[in-house]
Amino acid sequence: MRAAGVILAVVAALALQTTLARFVVRGTVAIDLVLVVVVYVALTSGPATGLLSGAIAGLVQDALSTGPILGIAGLAKTIVGFLAGVIGTQFIVSQPLPRFVVFFGATVAHAVVFMGLYTVLDRIHFGNPTAGVAAQATANALVGVVAFQVVELLPGAVERRRAAKTRLRR
Amino acid sequence: MALVDIRQRSGFLFLGVVLGHVLLISAQVNSRSGVPVLEAVTFGIFSEVQRTLSGGITGVRRVWGSYVGLRHVKAENEELKRQLADAQIEMQQQRALADRARGLEKLLELRDHLNLATTGAQIIGAAASPDFRTLTIDKGTRDGLRPDMAVVAPAGVVGRVVVPSARSAKVQLLIDRNAAAGVIVERTRAQGVVVGGGEDRLQMQYVSEASDVAVGDLVVTSGIDTIYPKGLVVGRVESVEKNGPAFKRIVVKPAVDFSQLEEVLVVVTPTPAKDAAAGVSE
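As you go down the protein sequences, you meet chains A and B in turn. Position one of the first sequence corresponds to residue 1 (our numbering), numbered consecutively onward. Position one of the second sequence corresponds to residue 1001 (our numbering), numbered consecutively onward.
It is worth saying that the hints were derived from the structure and are not from the lab. Any given hint could be a false lead.
[As the list claims (entries may be wrong)] Covered, in the sense of this in silico footprint (three residues per stretch, anywhere, with C-beta under 8 Å from a C-beta of chain A), are these stretches of chain B:
#1 1115-1127
#2 1145-1155
#3 1161-1174
All C-beta atoms, glycine included, are put in the ideal place defined by N, C-alpha and C.
Using the sequences and the hints, build the whole thing.
Encoded structure:
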């Protein structure tokens, strides 16, 4: 059941990513929604689920991209998923600020592995990606923190609203 | 104890998955020819998801548009509200039709101007990763599309077909990091190669320091790469700088606004080089 939920979340992120990317293809911050989902899954479900969801999501992302090598994003997301899962089990990551730091760090780590491997294999040269990576890390972190808040607060808010309606009827 | 087991297991799992990826990457680095089967199959399946999603989003947008239109006239009386809503919806439809007709008219003009066999296609999706610039179109091998066919818009060159599936195809945009095209400066015929950088500008490389290139010059395809037909607009020179003793550093602003694309033309005319590469015998 949980595995189905994770797969569904990854597919939804990929679908959303491919749909939204055509509207922000030019000159805007490119959010990696798939990475956000992988880190979210890793923080909530642990390193094993994190690394598996990272591997699957990354491989699919590789297969759908024009990158010359299949597996680079898979490897990057596997490492990030595992590390985020380990952090989630070793530290208390339940406040927005620590979560922001984890999402930010995960994006930077992903970029280091992804761009590093392509550069080492001499396939793509990324120039100076510092500003782009920083912007993407900030955007990913904001989306991740908001996602956590929404998932945690939404059921309570719905319940309160239902209770208020019941009181009014009486 | 159980926690230690889980941790150990996830460690082994991590090593196994990483090793699998390393082997996968190594295999590709050793043999660089052709599209991997996994890539083609995954793309074929996922393009159907993109097609469905694109249809769903169009439906949702239509419903949302109607809802907004109705809210806008809520203060009016019922009769007026209905009439106004009808008129607004009709006007929007007419405007959308006019916009679409204008877009198609431009595509038709381009088709006549190109004097090449082309097929129109609609964009149904974009890249799965923000690191690569691709689009998905609703035409595929069933419509005669093959890898390396040029994709153009009224404003200029869009990119090339990289992975065609039966009913859709992935198009690599000219601004993708892996994209390149042979070009010339229209005014002086100075030759070079434009390469994408993943951003919204192109770099024109291998232009001799002695060449006459100025800001504002029009850059068009040279046809030398056998992918893009000769004379298609690529963009305009935005800046020219010295880059060492031999070459200039030239930045080109693409003529096409890649975020505004809705329809494109795919040049389906085969070239001898494409046929030779595909092993087709006439």
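Hints, verified against the model:
1. Look at the stretch 1115-1127 of chain B against chain A: 4 of its residues bring a Cβ nearer than 8 Å to a Cβ of that chain, three or more, so the hint holds.
2. Counting residues of the stretch 1145-1155 of chain B whose C-beta lies closer than 8 Å to any C-beta of chain A gives 0; at least three are required, and the coverage claim is violated.
3. Residues of the stretch 1161-1174 of chain B with a Cβ under 8 Å from some Cβ of chain A number 4, which satisfies the need for three, so the listed coverage holds.
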